[in-house]
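Make a model of the complete structure from these sequences and hints.
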Amino acid sequence: MIEIIDLTKNYGLVTGVKNLNFTVEKGEILGFLGPNGAGKSTTMNIITGFIPSTSGTVKVCGYDILDEPREVKKRIGYMPEQPPLYFDMVVKDYLDFVCDLKLVDKRKKKSQISDIMELVKITHVKDRLIKNLSKGYKQRVGLAQALVGNPEVIILDEPTVGLDPKQIIEMRKLIKALGKDHTVILSSHILPEVSAVCDRVVIINQGEIAAVDTPENLSKGFGKSSKFTIRIAGPQKSVFNLLKQVYGIRYVDVHASNEKDICDYIIETEKDIDVRRPVFFELAKVGYPILELKSLDMSLEDIFLRIVTNEKEVE
Amino acid sequence: MLAVFKREVRAYFYSPIAYVLIGFYILLCSIFFLPNLYGGRADFNSNLSSMGFLLLFIVPILTMRIYAEDRKNGTEVLLMTTPVRLTGVVLGKYFAVLFVFLVMTAITLIYPIILAIFGNPPVSQIVGGYVGFILLGATFISIGVFASSLTENQIIAAVVAFVMLLVMWLMDAISSMLSGLLSKALSWFSLLARYSEFNLGILNISPIVYYLSFTAVFIFLTVRVIEKRRWSQG
Numbered sequence: 001m002i003e004i005i006d007l008t009k010n011y012g013l014v015t016g017v018k019n020l021n022f023t024v025e026k027g028e029i030l031g032f033l034g035p036n037g038a039g040k041s042t043t044m045n046i047i048t049g050f051i052p053s054t055s056g057t058v059k060v061c062g063y064d065i066l067d068e069p070r071e072v073k074k075r076i077g078y079m080p081e082q083p084p085l086y087f088d089m090v091v092k093d094y095l096d097f098v099c100d101l102k103l104v105d106k107r108k109k110k111s112q113i114s115d116i117m118e119l120v121k122i123t124h125v126k127d128r129l130i131k132n133l134s135k136g137y138k139q140r141v142g143l144a145q146a147l148v149g150n151p152e153v154i155i156l157d158e159p160t161v162g163l164d165p166k167q168i169i170e171m172r173k174l175i176k177a178l179g180k181d182h183t184v185i186l187s188s189h190i191l192p193e194v195s196a197v198c199d200r201v202v203i204i205n206q207g208e209i210a211a212v213d214t215p216e217n218l219s220k221g222f223g224k225s226s227k228f229t230i231r232i233a234g235p236q237k238s239v240f241n242l243l244k245q246v247y248g249i250r251y252v253d254v255h256a257s258n259e260k261d262i263c264d265y266i267i268e269t270e271k272d273i274d275v276r277r278p279v280f281f282e283l284a285k286v287g288y289p290i291l292e293l294k295s296l297d298m299s300l301e302d303i304f305l306r307i308v309t310n311e312k313e314v315e
Numbered sequence: 001m002l003a004v005f006k007r008e009v010r011a012y013f014y015s016p017i018a019y020v021l022i023g024f025y026i027l028l029c030s031i032f033f034l035p036n037l038y039g040g041r042a043d044f045n046s047n048l049s050s051m052g053f054l055l056l057f058i059v060p061i062l063t064m065r066i067y068a069e070d071r072k073n074g075t076e077v078l079l080m081t082t083p084v085r086l087t088g089v090v091l092g093k094y095f096a097v098l099f100v101f102l103v104m105t106a107i108t109l110i111y112p113i114i115l116a117i118f119g120n121p122p123v124s125q126i127v128g129g130y131v132g133f134i135l136l137g138a139t140f141i142s143i144g145v146f147a148s149s150l151t152e153n154q155i156i157a158a159v160v161a162f163v164m165l166l167v168m169w170l171m172d173a174i175s176s177m178l179s180g181l182l183s184k185a186l187s188w189f190s191l192l193a194r195y196s197e198f199n200l201g202i203l204n205i206s207p208i209v210y211y212l213s214f215t216a217v218f219i220f221l222t223v224r225v226i227e228k229r230r231w232s233q234g
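From first to last, the protein sequence lines stand for chains A and B. Sequential numbering from 1 applies to the first sequence in my numbering. Sequential numbering from 1 applies to the second sequence in my numbering.
Hints were generated in silico from the structure; no laboratory data involved. From the three backbone atoms N, C-alpha and C, an ideal C-beta is built for every residue, glycine too. Treat the hints with care, since some could be wrong.
To be verified - Stretches of chain A that chain B covers, calculated by requiring three or more beta carbons in the stretch to come under 8 Å of a beta carbon on chain B:
#, region
1, 45–57
2, 76–85
3, 277–290
This is the structure:
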């Protein structure tokens, strides 16, 4: 659906992105993850044909963005970081205008606009000036604009930025729903968002791809160790020392809880060593009961930080 | 192109810009018209040349927002990532400003009509003057649109447009200060000399072609400037 081959963009001497290679399959939701300034927006601007690349190829549905920009632009809906809204227009006139720009058939225009407004829930503000809408509604109008013309590919640059938690959840639901019959690329620097919504994640740092995988595989495969959290009743100091002595445990962290003499311990173990049984027997010997034991997958957050900091160390 | 045109025309008339500018313009034109009323003068072409002079100030304010605002608000992205051609966008915007200008000009027709009711104005001369006036305005607007595409700051766009128009206006004066080939070349470019020709009631084909091609060149330059900026910095 989307092929990106050796994509490079330089701004004068500054490198925006360097040798990006990835593909997006039809019907996939791809997360584009990276710290601010990593090159997410640059890549999206290139895919949508807003700015040309320095070198490399971008193909959308088989059309090259430089050779056949109009064919590509017909198939893409784009919501940039700052939604491209005309503040002096009312919502429905604005969407009507976007329909005209996207060459939507005149007869289908009306029904399409009302469908989209239903979908992103802006029907009740359709007669209001865009400048008077709240941030959340502006964002939704921005999304509505990207959906006009029913494009095969939808590209969203930081779609949840500036929304309140409830709106963020709604926006994620909406994106998930869109993923059913569209190919979606979304960028974010918020990790839980990406793991909640995306089928696959591209982590980008300083203009280069650091990792590409599904969120699950990333959390499983990337960790060099596994993590558990255990709640144990017993004096903190002795439990701590005891845990440290168990073979295979690399690291113990204590989180005090509200109850007296009960603490949560987060332990990190060497990979492929199961410490659960030894820990149980050791604690049973001294009579400190385990109240809770559960394994923690490495969160994307940990992986992300690890990737980003590792790269810095190499430099 | 039609979509952009419609949107821009609406933007002018849904906001106070068009009304304030047109009102202000008509007020000044009416002041110029007072001598005609009190002096019982049927000649309208001297009014037309002062009205042309007023365009120096009106056009930059009218055109300053036309592209700069899109860049500032980020709506340029929308125009650039839809299948509409850039030339279509620029033409749509140009014709929208031209439309506002024509509305403004249509209102000024009231003066010759008053003259016709109470006197015997030289009709063909006035018609010729108006043709020249509209062509002059159309050319000024193309310069204004071009200036607006250079920057995302509307004030700078207005100032640049004003300076460019002023240079065009003073071209005759500048060329008379110089001598030789340079003077000849500059005076050939003069927009004003041709305008006064119209005001004498001479309807010649060559100044019409000149104004139209001048406009076409600036529209072309506008498209190039926008295109080039995308390629150079993104």
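Outcome of the hint check:
{"no.": "1", "hint": "45–57", "result": "holds (count 6)"}
{"no.": "2", "hint": "76–85", "result": "holds (count 7)"}
{"no.": "3", "hint": "277–290", "result": "violated (count 0)"}
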